[in-house]
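*Asks:* Below are the chains, spelled out letter by letter.
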Amino acid sequence: MTIAEKKNRVIEPETLIGKRIAKMDAPEKASGRTRYIHDINLSGQLHGKILRSGRIHALIKSIDTSAAKALPGVHVVITAADIPDQRPIGVAKDHFPLKVGRVRSQRDEIAAVAAESEEIAEAALKLIKVEYEDLPVISDPEEAIKPGAALIHPEPHGADGSHEHLKQGMSIAHKGKPDNIAMRFDYAHGDVVQGEAESDVVVEDTFKLHYVTHCCMGVSGMIAEFDASGNLLMYSNTQVPFLHKREFAEYLNMDPARIRIIQPPIGGGFGSKLDIYPFEVICLYLARAAKRPVKMLFTREEEFLASPTRQPVLLTLRSGCKKDGTLTFRQVHTLHDNGAYTSWGATTPFVMMQTFSSLYRVPHCDYHTAAVYTNNPYAGSFRGYGNLQATFAIEQHMDMLAEAIGMDPLEFRMKNAQDAGEVSGQGMSFKSCGFKDCITTAATRSDFSRKFRENAANRKKPGNIKRGIGMASMLHVGGGAKIYPSDGCGTILKMDDFANVTLITGASEIGQGSETVLSQLVCEELGLPISAITVVNNDTAITPWDVGVHASRTTFIAGNSAIGAAKKAKSKILAVAAKKFECAEESLDLRGGFVIRGDSGEVVIELSKLLRNLHFQDKAELVMTTFYYEPPSVHQDKGFKGDVSAAYAWGTQVVEIELDTDTGFIKLVKVTGAHDVGRVLNRLGIEGQIEGGVVMGQGYAFTEDLIMENGIMKNPNFRDYKLVTAPEIPEMDIAFIESMDGEGPQGAKGVGEAPAICMAAAAANAIANATGVRMFELPFTPEKVYRAMHGQTPKLYWKPWRVE
Amino acid sequence: MSLKHDIEFTLNGVKRRATIDITMNALDMLREVIGLTGTKYGCGEGECGACTIQVDGVSLNSCLMFAVDCDGRNVTTIEGLANDGKGDALRDAFVEHGAVQCGFCTPGMMMQADHLLHKHEHPDEACVKRGLEGNLCRCTGYKKIVDAVVACGAAEATP
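Taken in sequence, the protein lines are chains A and B.
Using my numbering, read the first sequence as starting at 1 and increasing by one per residue.
Using my numbering, read the second sequence as starting at 805 and increasing by one per residue.
Keep in mind that the hints were calculated from the coordinates and are not lab data.
Please note that the accuracy of each hint is not assured.
Claimed, not checked - Residues from chain A that face chain B, not an exhaustive set, calculated with beta carbons under 8 Å:
1) GLY18
2) PRO27
3) TYR36
4) MET217
5) GLY267
6) PHE298
7) GLY511
8) VAL634
9) GLY685
10) GLU687
11) ASN717
12) LYS722
13) THR793
14) PRO794
15) LEU796
16) TRP798
By construction, the Cβ of each residue, glycine as well, lies at the ideal position given by its N, Cα and C atoms.
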C-alpha cells in the first residue's frame, strides 16, 4: 500500500506555541491533594529539631545534653563533639553544620535532637544546657572591614575544636581567616580615567540596599533515611538535586552513587534552595545515628531566622556622560554584608558586574566588591541575584545624568541602548536583543513622556498627593549561565503503544511551570495534544543529569534538551513510516496524533497504530530516545570576561505612583512592563511569572525589610515582615517582545528572574519625578519617604573602599 | 501528661469523632490526627491564610482555632470543597486562569474565595482583593487568583 492509494482526511496545522496552557499540576494543587514534603510521613519516622544559638557572637564553653538524652521518647541528641567527621559546608567551606567552639550569628546550630514527636524533640531542646562567653558583636560591614576589627573567623581549630588536626590547605572552617573579607571581585574594561576626562557631566552617589528574604509559603524541610545497606534516600526541596547529591556525599564521606534524592512538589523556591544549609546535613547525621527515617521541618520563625537572605549592599557609583548623551564610564565600589558564613550571596557580584559593565553601552567600567563577614544572617541566592541592587543604582543615575544635560530620559536611554549583534565590554554577545523595543513599548503603552513632563510641572502645585512616573530597564542571563563546569540538561523520552509520551527530564519543577512548558515543546515536535504527555522530573534515580533550577535557565536549557529528544523520536518514527508506506521521510510529518503528508496534511496512519505495529512485529522496536543539551556559552576568563550565557534577556518597566507628602505613603498605581522573552511559549505561564515578579519587586521596593539590630532579627514573622497583599497590587500591563533567539527553544529566552529586577529602580525614579527628591535607600516605607520629603534624610555617603 | 478530650463534629459532610489533646489547634488535628493534609501550615499565627477552613460557613485560620472548639460544628476543608460542584467550578477557574504556581497557598485561597463567593453573588475585582487580603501568595502576584475568583463569580451570576 502506498500513500497515493489512500484518500484520507486532512489534518490542519496547529501550534501549541504561544497558547494559554493550564499548568499541568494545577488541578491537584487546587484540590489540596498535592503532597508537599510537609505532608509526607514514613513509617518509623522520627522528628528532628535544632537548638540554635541564644547568643550572637560567643564562645561555647560547655554543652550538657544529659537531661535531654534522658527524656523518654528521645532517640538521639548530637552536638559537634558527637560528629568527629563533620566537614565544613557552604560556598567558602567556612562553617560546620553543628558549630564548633564558637557561634557567630543568631541562627547558629548548637545541637540537634531526634525524637518520637516534635513536641518531645522541642522539650528535649529545652533541657540542653549551654554555657557561653560573649564576644563583641560586629553587625556593621563598615566596621568589619576596618583594619584591626575583631575577626569573625579568627582561630584555627580542628573539626573537634582542637588545633591538632590542622593541615595545610584546609578550609576557613578549620584554619580561620586573618581578615573579615569573605570574597573580593575586581573587574575592569577600558580606562575609567580616560572615560572621566571625556565626560561633560559626572555624578557620584551612595546607595544602600537592605535585607529581605524569600518567604516561601512552604517552610523548609527534609526527610532522610538510610536503608539496611547504607544507601541514603532523601526527600528534599533542593533546586539542584544532582549537584547536591555529590555534595551530600562529600559531607557524609560516602559514595554519591548511593544517594538518591526525591523532590516532592515544593512550596516556593526563588533561589533559596540552591545551597546546602546546616539543617539538611544535621538531618542526615540524625538519621544516620538513629537508624530511622528523620523528618525535619522549620517553623515560620525558624524559616526567617535560618533561611538565606538577599544581600544588603552599600554601593558608591560614579557615572559620566557627554553633552550629546553618550555614556562615558561607570566606576563602582560595593560593600556586601556577607553575614557570618558564605553562601551564594557572596557570588552575586558576578551578576552585578554584568549589569554595571553591560546595561547600556559603557565604554569604560571599573568595579570592585568586597563581601565582608559580620555577625548577621548569611546571604544566599535570591531571584535576580544582585541585579536588583545594581539596577537600583544604575537606573537612578541614568535619570540623573539625563537631567544634568537637559535631555529627555527616554531619549537618553535610547541613545545608549544596544542593538542585536553588539558585544559588551565584558564580552557578552547580544545575538538577539529587543532592548530598544522594550524601552519604546513600555514608554508608549504608559504614555511615559507626557506624564513625565506633566508630573514634573505639577510638583510645586498645591495638594499633598503627587503623581510620579519612572522607568528602569534590565539585562539578565536568558540562556543559562556557565558557572559550573557544565550548564547542560538531559532528557529521556519514551512513547507507549497508545502514542502517549513520558518525558523524563533532569529539570526540576518549583512552581514556575517548567513541566508544562517542556511538555508543550515536546508535543509541538511530535504533533500531539498536551494531554498525551506525562512528566517525570523529581527523582535522581530516574531522571538524567541537570545542573539545577537557577539563572532563569530551565526553559532555555531543558527546553532545548526536550526538543532534541523529541526530534530524535520524530525522525525514528518517520523513518519507520516512510519504509512502511514506501515514501521519502521528508515527505512525512506528525500532526494531531497522526503521521501525515507534509505538503497536504493528508492522514497516512494514526500514530498510535504505527507504534503498536512497531511493538508487535518480529524485530520489536520501542520508541525511546535520549538527548543531552549543552549551550554554546563559555566560561569567563580570569578577568571575568566572556560570553557566559547563550542568550540575554532584556526588559523595561514603567512604574506609576501617587505619593502623599503628608503621610509618606506611596500607592503603586500601575506597572507597564515590556520584556524581551525571545518568544512566548506558554502565555498563561509567562504572564504569571511576570506578574509574580513585579509584585515581589514591589515588596522589595516598598514593604519588605528584615530588620537587624546588633545581630538580632527583630521581625521574624509575617506580622512585622510585610509582604504585599492582594489589595495593594498595581494595575499591570505586560507586553512581550519576541526577538526570536536563534539558540532558544522555539526562539524563547529565560524570564524567571527578570520581572523582579527593575521595580525598585523605577519606583525611585517615579518618586523623583513626583517630588524632585532622590531616595537612595530602600525600602520606601512611609517613614523613610516622609523624612525624605521633609528634608530629614542626611545624604548618604560611603567612601569607596580602595583596592591596595 | 497532656489532657485529652473527645469531640464529635461534621467534617466535609461526614459525622465523626476525634480524641484530641486539649492544647492542639484545629490545623494539627486535621493534618496529624485525621490525616487530611490539604490544609497547610504557613505561619502558625493567623497571618498567611494557608490554613483557611470553613466552620459553620465562616472562614477561619485553623491554626488559631482550638481543635476542641470543632465540637458540634460543621467543618469544611479543601478536601470537602473539592467534592462539591461549586468547588469544582472554583477549582477549574483557578486552573484555567493560571492562579496556581507552587500551589502551597492555593487550598487556603480556595477556601477563602469560596467563602467570599457565598457572601457576594458576583463580586467585582476590588471586593475579591479585599476578601483575599488575609491570604499571602509569594508566586503569582495575586492577579490571576483575583481574575479566577471574579470569573467564577460572574459565571455563577449568569444562569
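*Asks:* The structure should be examined with respect to each hint, and the outcome stated for every one.
*Replies:* Here is how each hint holds up against the structure:
Nearest Cβ of chain B to the Cβ of GLY18 of chain A: about 15 Å, over the 8 Å cut. The hint is violated. At a threshold of 8 Å, the smallest CB-CB gap from PRO27 of chain A to chain B is about 5 Å, leaving the interface hint in force. With a cut of 8 Å, the hint placing TYR36 of chain A at the interface with chain B holds, because the nearest CB-to-CB distance is about 7 Å. The interface hint given for MET217 of chain A holds, since its Cβ lies 4 Å from the closest Cβ of chain B, which is under the 8 Å cut-off.
At about 3 Å, the closest approach between the beta carbon of GLY267 of chain A and any beta carbon in chain B falls short of 8 Å, and the interface hint on this residue holds. Given hint, PHE298 of chain A at the interface with chain B, is violated; its Cβ is 10 Å from that chain's nearest Cβ, farther than 8 Å. With a cut of 8 Å, the hint placing GLY511 of chain A at the interface with chain B holds, because the nearest CB-to-CB distance is about 3 Å. Hint status for VAL634 of chain A: violated, given a least beta-carbon distance of 33 Å to chain B, over 8 Å.
Of the supplied interface hints, the one on GLY685 of chain A holds, with its beta-carbon coming within about 7 Å of a beta-carbon of chain B, less than 8 Å. Here the hint on GLU687 of chain A is kept, as its CB sits about 7 Å from the closest CB of chain B, short of 8 Å. A hinted interface residue such as ASN717 of chain A counts as satisfied when its beta carbon comes closer than 8 Å to some beta carbon of chain B; here the least separation is about 7 Å, so the hint holds. A least Cβ separation of about 10 Å between LYS722 of chain A and chain B goes past the 8 Å threshold, and the interface hint is therefore violated.
Checking THR793 of chain A against chain B: minimum C-beta separation of about 30 Å lies over 8 Å; hint violated. Look at PRO794 of chain A: its Cβ only gets to about 34 Å from chain B, farther than 8 Å, so that hint breaks. A distance limit of 8 Å between C-beta atoms decides the matter here; for LEU796 of chain A the minimum to chain B is near 30 Å, and the interface restraint is violated. Given the 8 Å rule on beta carbons, the hint for TRP798 of chain A is violated: about 32 Å separates it from the nearest Cβ of chain B.
Checked against the numbered hints given earlier, the structure breaks hints 1, 6, 8, 12, 13, 14, 15, 16 and satisfies all the rest.
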